[in-house]
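Taken in sequence, the protein lines are chains A and B. With my numbering, the residue at position 45 of the first sequence is 45, and numbering never jumps. With my numbering, the residue at position 110 of the second sequence is 110, and numbering never jumps.
Incorrect hints may have been included.
Estimated spans, in silico, between C-beta atoms of each pair [as the list claims (entries may be wrong)]: (1) B:GLN129 - A:PRO170: 23 to 31 Å; (2) B:GLU118 - A:PRO170: 22 to 30 Å; (3) B:GLN142 - A:GLN130: 34 to 42 Å; (4) A:THR56 - B:GLU73: 28 to 36 Å; (5) B:ILE6 - A:THR172: 27 to 35 Å; (6) B:ALA102 - A:ARG105: 22 to 30 Å; (7) B:GLN142 - A:ARG39: 17 to 25 Å; (8) B:VAL14 - A:GLY131: 36 to 44 Å; (9) A:SER32 - B:GLY35: 46 to 54 Å; (10) B:LYS135 - A:GLY131: 17 to 25 Å; (11) A:ARG39 - B:VAL14: 38 to 46 Å.
Pairs of lysine to any residue residues, derived as SDA-like cross-links and limited to a Cα-Cα distance of at most 25 Å, are as follows [to be verified]: (12) B:LYS61 - B:ALA24; (13) B:LYS60 - A:GLY95; (14) B:LYS60 - B:LEU109; (15) A:LYS79 - B:ARG127; (16) B:LYS42 - A:SER123; (17) B:LYS42 - A:LYS106; (18) B:LYS61 - B:ALA136; (19) B:LYS135 - A:GLU155; (20) B:LYS11 - A:THR167; (21) B:LYS42 - A:LYS41; (22) B:LYS61 - A:HIS149.
For the record, the hints were derived by calculation from the structure and aren't laboratory data. Just so it is clear, CB atoms sit at the ideal spot from N, CA and C, and this is done for glycine as well.
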Amino acid sequence: MSRIKRVGCALVLIGIAAMMVRSQDTAGEYVSPSGAVPRGKAPKMQVQMLTTEEPTKQYAVIFYQGDEAFSGLLEFAEKYHVTSAHFTAIGALNGATLAWFDPQRKMYKKVPITGQHELIGMSGDIALYQGEPVVHAHAVLGGPDGTTHAGHVLEIYASPTVEVMVTVDPVTMRKRFDPATDLTLIDPTLQR
Amino acid sequence: MRWKQIEDTPKTFVLIFDTGDEIASLLKQFAAGQGLAGSRFKAIGALSYAQLGWFNWETKKYAPACVLDEQVELLSLIGDIALRDGEPQVHAHVVVGRSDGAAHGGQLLEARVRPACELILTESPIRLQKKYDPKAGIALIQV
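With the rest of the complex left out, here is chain A (with noise of 0.2 Å):
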């Protein structure tokens, strides 16, 4: 009889533990949609204006080994001061940190992603919120057999180039706090 409740209790701390560590993990997997994004990390980042003289200005953003190109994009929006674009890009990486948001807990579930991948396609946009411009993007990555992983982007390093191309309107293009998402999200009616 002990004997049983001896293993009973062990089961029990076993579950305890595993739980604990479960749960540190799941922690560890979510990040909230209002995360800081990190300056300095596209060191080789170069930026050409392709147009002359258009109100829509058309850029190529490059960036080289090691460049993160996400953060380097929002670097580029603050640089240039951005107050609406689009994007599209291709290129190749190696490591990736992909997202996907979870309505429920209104936070995205990181999606690590280690080694040489194509980033087949990224597009996305670049929008104010409170003043400051702020880069939405998505992203398909392929791997050596062709497969493929995609979803919001967090993070890309750059392996060997990752090549965006850029179109800035001549216009300002805002976002509201949705409370029901927790995400900001564009609103085009909004003035100021």
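Given the coordinates of chain A, assemble chain B onto it according to the supplied hints.
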């Protein structure tokens, strides 16, 4: 493949590919014919055959990722054109969808159209140049 210029500023083309057309080679011919030097494009359509590549960082070569000898949706084709040694070089990536919705993707190596593919291309007045990058082992856009 049929094409038409639909706008002057920015210079914009529509390219319509028909059954049997191979996108990669026709796009390269078009780029050379028009003297394209700083373009971006996107396309959707459907294919009867696709060969996708994956850049192998160790060998610095594009390895064939997969061959799909079947009818697939061309879900997305995104790319750019820049000059390498004076010649336009087309760089394009594709995502294709199989009959069960599963996606495959990679560098565009070969794509045979069935029944159609619609491509929009914008050419900028400024040229983009590629230079060989010894670390990467391939030519990269330098600005």
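Evaluation of the provided hints:
1. B:GLN129 - A:PRO170: 23 to 31 Å: This hint holds: roughly 27 Å between Cβ atoms.
2. B:GLU118 - A:PRO170: 22 to 30 Å: The hint (22 to 30 Å, Cβ to Cβ) holds, given that GLU118 of chain B and PRO170 of chain A are roughly 28 Å apart.
3. B:GLN142 - A:GLN130: 34 to 42 Å: holds, 36 Å
4. A:THR56 - B:GLU73: 28 to 36 Å: holds, 31 Å
5. B:ILE6 - A:THR172: 27 to 35 Å: holds, 28 Å
6. B:ALA102 - A:ARG105: 22 to 30 Å: About 27 Å separates the Cβ atoms of ALA102 of chain B and ARG105 of chain A, which means 22 to 30 Å holds.
7. B:GLN142 - A:ARG39: 17 to 25 Å: The hint (17 to 25 Å, Cβ to Cβ) holds, given that GLN142 of chain B and ARG39 of chain A are roughly 24 Å apart.
8. B:VAL14 - A:GLY131: 36 to 44 Å: holds, 38 Å
9. A:SER32 - B:GLY35: 46 to 54 Å: holds, 49 Å
10. B:LYS135 - A:GLY131: 17 to 25 Å: violated, 39 Å
11. A:ARG39 - B:VAL14: 38 to 46 Å: holds, 40 Å
12. B:LYS61 - B:ALA24: holds, 18 Å
13. B:LYS60 - A:GLY95: This hinted pair holds, its Cα atoms lying about 17 Å apart.
14. B:LYS60 - B:LEU109: Status holds; Cα separation ~16 Å.
15. A:LYS79 - B:ARG127: holds, 23 Å
16. B:LYS42 - A:SER123: holds, 11 Å
17. B:LYS42 - A:LYS106: Distance ~33 Å between LYS42 of chain B and LYS106 of chain A Cα, so the pair is violated.
18. B:LYS61 - B:ALA136: Between LYS61 of chain B and ALA136 of chain B the Cα gap is close to 10 Å, so the pair holds against 25 Å.
19. B:LYS135 - A:GLU155: Given pair LYS135 of chain B, GLU155 of chain A holds - Cα atoms ~22 Å apart, limit 25 Å.
20. B:LYS11 - A:THR167: Status holds; Cα separation ~14 Å.
21. B:LYS42 - A:LYS41: violated, 29 Å
22. B:LYS61 - A:HIS149: holds, 22 Å
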